[in-house]
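If you read the protein sequences in the order shown, they are chains A and B. Those letters in the first sequence? Residues 1 to 554, per my numbering, in order. Those letters in the second sequence? Residues 1001 to 1315, per my numbering, in order.
These aren't lab readings, by the way, just hints derived from the structure by calculation. One or more hints might be untrue.
These stretches of chain B come out as covered by chain A in the derived footprint (C-beta under 8 Å, 3 or more residues) [to be verified]:
id, stretch
1, 1039-1046
2, 1073-1083
3, 1153-1161
4, 1164-1172
Every residue, glycine too, gets a C-beta built ideally from N, C-alpha and C.
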Amino acid sequence: MRLLLLAATVALCAPGCRKTAGGGEAHAVARRDRDPLHFSRSLGEPEYVDPGLCAEAEGGKIVGDTFEGLYIYGRDHTEWLPGAASGHTVSADGLTWTFTLRPDGRWSDGTPVTAHDFEWAWKRVLDPSTGARYASILWFIEGARAYNRSGPEDRAAAREAVQVEAVDDLTLRVRLVAPTPFFLQLTAFYTYAPVPRHVVAAHGDQWARPEHVVSNGPWVLSEWRSGQQIVLTRNPHYVATPQRPAPFDQVTYRISQDDDPAHRMYLSGEVDYLDSRVPPSVLPRYRRERFRELHTSPYLGVYYYMFNVTRPPFDDPRVRRALGLAVNKLAIGKFVIRGGQVAANTLVPPGLEALGYPGVAGPDYDPGEARRLLAEAGYPGGKGFPRFRVSYNTLEGHTLVAQFLQQEWRTQLGIQCDLDNMEWKVLLKKQHAMDFEVSRAAWIGDYLDANTFLELYESQNPNNRTGWANPAYDAALAAAGQAVDTPARQRHLVAAEEIFVREMPGIPLYYYVKHDLVKPWVTGYRPHLQGVHTSRWFGIDLSREGGPAGRGAP
Amino acid sequence: MIGFILRRLLSAAAVLFVVITASFFIMRLAPGGPFDQDREMPAEVRANLEARWHLDESIGQQYVRQLTLIAVHGDFGPSMKTPDRTVNQILAEGLPVSLVLGAQALLVALIIGLPIGLYAGLKQNSLGDHVAMGAAMTGVSIPNFVLGPLLIYAFALQLPWFDSANWAGPGAGLWAHLRSSGLPSLTLGLYYAAYVARLSRGGMLEIVRLDFIRTARAKGLSERQVVTRHALKGALLPVVSFLGPAFASLLTGSVVIEKIFNLPGLGTHFVQSAFNRDYPLVLGTIVLYSALLVTLNLVVDVLYTLLDPRVTYDG
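In isolation and in its complexed conformation, chain B is listed as follows:
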C-alpha cells in the first residue's frame, strides 16, 4: 500500500511537470501581454516593466526561471496585475473559499442523493422509485445558472433568509456562514445530488441481486440487517469512485456559482487571470487545480481498498 502511494506520488510529480510546461508555453501563444492596455504607455516605462518581470529574456530562460521558482521555492512569484500580492497569497485566499464551498456542496449531494438513491434501489419500479428518479432527472437537467438566480429570488430577495452576494466564511460564526453560503452550496450540490441518487440506486440494484445477499436473507437476517451490513457497502462503491472526480469538478465547476453569488473563490482568478495575461497567476491556478485533481484521485483509489476487499494495489 505504501509502495503504491509512493509510486502514485512520483507519477503525480511527472504529471504536474507536464502541466506546468504545457501551460507555460500555451499561454505565451495567446496574443497580447500583461501590459497591453487601451492607454499606451511610453516605451521606456514598458521596457522597465518588462525587465522587472523578465519578459525581456528569451522564452527558454523565462521557462527555466519559472520552473526553478516553483520547484525550489514552491512559489509562483508576484501577480503581474497586482504586484503587491503574490500568487501564493491570492491562491491562499481563494482556495479555502472554494474548498469549503465544494465540501458543503458535496455534503448536500450526499445527504440528499444517498437516501433517495438507496430507497429507490430497494423499491425498484415502485411509485416512490419513479418519483425519486424523476426528481433526480430534473435535478440533472436544470443548469445551475438557472437554479442559482431562482433560489436567490425566492430565498434571498422575496424571503430574506439568506445573503445573496456575500461570503462570511466559517470564521464569522456558524450562523453567519450558513446564511451566506447556504444558497451557493445548495445550488452547486443539487446537481450532484441527482447524480449520487442515480449511482447509488444503480449500485443497490446490482448488489441486491447477488448471491451473498440471497445467502444473508436465507440465514434469516432481518431486511434492515441485510441492507446495512451487507448491501450498503457494495452499493456505495460507484458513489465513492464518483466522489473524487466529483469533488474536483465541484472545485473547478464552481466558477459559475462564484460569479452568480459573488464569492471570492479561485474561479474568478482562474478566468480573469487568463484574460489579463497575468502569467504567474494563470500558472498558479492551473497547477493548483491539477494538484487537487491528482490528489483526489489518489484518495479515491485508497478508499477503494477499504470498501472492496477484492481490490489491492500490491504486487
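Only chain A is shown next, with the shape it has when bound in the complex:
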C-alpha cells in the first residue's frame, strides 16, 4: 500500500506539470460549472449527518450547512453570530443562560422551530439509549452528566433534572454546572443543533436519510450517494439575513476517501474548494507556483507522545523532560513530515491569544539540558536506561515521526527504543489497558478554550490514559471552572499548563496546520482555527476566473 500511495502521488504530481516552453501555464483550468449559485467542495465519507449522533468533522460539515444551532460559526474563529436564536442573556453568576429564538425560524417542511425542539434534541443526545458518542460536550449543563450516565431505574427522574427548559415556544433557559464563558460557541457545535422531533418520531433511525430528513439550516440534504457525493438544496422556508446568508441554490460535496482523487477533482475544476485534503507531495509546487490558491493556517490540534507514568523510568519527571528536550521539534514540520507543522512545546496550541488565553512558553530544544537531567535521574549518557517500546498506529506520517524520535533519543541521549506499530483499534485497546510505555496521541480541540486541551490530563478524565495525577493541576482546573471573571480564569488555566510543562506527562511534538486549496473564483474564504468553513460564507465570482490569480503567480 505504501508503494501504491507513492506511485499515485508521484504520477499525479500536479499543477506545475503543465508548463509550456515559455514557462507560463499551458491553460488555466476553467470552472466546469457556469452557475455561480452552485458551490462544489470536497468531503470525506461522513458517518452520520444526524446532529446528535455525529462525532467527526466530515459529518459535522454537512450538519453545519443543513442545521442551525442557537448560534452559528462566523467567517473566522473570532466570531459567533446569532443563528436560530436572535439573542441571549446571561445571569450575573454566569450560570443561567436565556436564549430568545427567532420568530421566523422554520423547519424545511414549514413547521416552526421552537425552544421545545432544542430541549428535546439535547435530552435525546443525553439519553444513554441514544448512544451519542459526543454526549459529553453537553455535560456543561446542570444534570446532563447524571442523565447521560443514568441506569434504567433512575433514568426518568434524571431526565427531569436536566436543566434545559423551553419556557415558551421562543424562550430556552439553560442552567450550567459552572460559569462557562465558551458556552456560546458550544451552541454552534453540531451536537447542540435542534432536531425535528416529529420527523424523528416518524422515521426512527432512518430520519436523517435524504428521503426523510427535515432541517432548519439554509440547506437540506437531498442526495447522498455513498462514496460519491452529497447534494444539498435550498431549504425553501429558511429566511436568510445578511448575518445568516444562504448564497447558493445548491451545494455539492464530492466525496473521496483519499487525498489524491480529491486533489484531482480540484485540479480538473470539479470542486471549487479543497478542504484540507491537499496531498503533502504537491505542497512544494503550490508554494512555488500557485501560492495564491494554497492557504496554510493553524489548526486547533496537538500531536504528542504520552508516557505511561506508572512504569519506571517514566515515573520520573526528569526522565520525561529529558526525552522531550532532546527532540528537535522544528525539524518535524520542516524535514520529517514536511507539511509545515508548527513545533509544539506546550499542550495548548497557539491562536487562543485572541480570545484571552496568554499561553505558556514551554521548554525549547536543549539536548545539553536533556543529558544533564537524564544523568541527574541516574542514567548518565543513557547508561542503564531500560530499552523501551514506542507504540503507534500504522500510518506513514506516524512512522516517520517515530523513527525521527528514535534517532534523536539514540544520538542525543544514548538510549534505545523499539518501534511497535499496530492497527488503530489495537493501539486504542492497549492505551485503555495502560499496556504501553510511550504512545503516540493527538487531540483536536472541541471549542476555542485552553480547557479543551488541559482537561485531558485531569486525573479523573477518562481520556487521561497515562496514569498521571497531580492534585495541584486538578485544583487549578477546578478553580478555573468556578471563576466567573475571565482574567482570573485564564490565570488558573495558565497555572495548570505550567504544571504540565514542568512535569511533562507527555511530549508535545507539533501543532496541526490545515492546508486548503481555493480556486480564484471563490470569494469569502477566511482561515478558521477549528477548520469550520460553513458554505454560507462563500461566494462564486466568475469574473475572477482566468484572471491573474487564476493562472497562478508566476
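Following the hints, position chain B against chain A.
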C-alpha cells in the same frame, strides 16, 4: 445436468456455512471493537450501545443470532458504523459498481487479449508473435497501481478526455458512464488482457497440431474455415476456464482500482469494515464475495459442457 447443478448448489450452501462460521469467529479474535475510539465514552453509553448490538451476549448466542438472521431473513442487519443504513443497503449500492466495473474490464481483456493471442498462436514464432507476446508480458508485469495513475495523468489531467475520480453509473447515459468508467476499466482489464492473450495463444498452438485439424485441412477447407469452425472452439477452452476465477478476482481485485479512481464499489467497504470492526459489514462483504466466487465457478463448469462435448457431469 440438472442433477449436477443441484448437487453443486447444495455444496455451495455448505461452503457458505463454513465461510460464515469461520469469518464470524476469526473477526472476533481481532483486538478492539466497533465502539473503541480515541475519545472515551461513558461506560453507561457504551453498555447501551453494546446491548443494542447484542455484544453483551455470549459469543455463542451472538453466532446463533447472526446465523438465523442470515439464513432465515437473508439479512445482515444494520452496519454498526452507520446504523441508519443496513448492510444489505450498503452492499446493494456497492455491488452494481463492482459488477459493472468487473464486466467492463473483462470485456476489455477479451477484446484486446483474444485477437492478439489467436493471431500469435496461428503465426507462431513470427515477428508478429514475438511483438504480441512481448506486449502481453509487459502487460502482466505492470502493476495496476502504476498503470492507473499513469493513465490518469495522460488521459484525464493532460488530455481532459476522461474523469479521474468519479463514477457516473450506467444510469447517467452511455457517454457520461464511459467517460467516468473508461480509465478504471482499462486499467483493470489490461492486466487480464495479457493473460487472455497468452492463454488463447497456448490453446491455439495445441489445437492446430491435433489430427482433426489436419483432417479438416486435408478435406480442402480454407484456412479461415479451419480456424473459425474447428480450431477456435477448442482454442478458447483454456480462456473459458480462466474466465470464472478471473471475473471473481476482478471483483475482489478491484479494491486497489477503486481506491485509485475513487469508485464507490465494494472494495472500500471490504477493507474499511475490517479496520472499523464493523462486524455485520465484514461478514456481509465476505459472504457476498464467497457467493459470487461459488456461482462463477458453477457457471464456468456449465459453460465447459457446451464448449467441449467430451465433458459431461452426468452419472
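Could you check the structure against the hints above and give me the numbers of any it violates, in ascending order? Of the numbered hints given earlier, the structure breaks none, since each of them holds.
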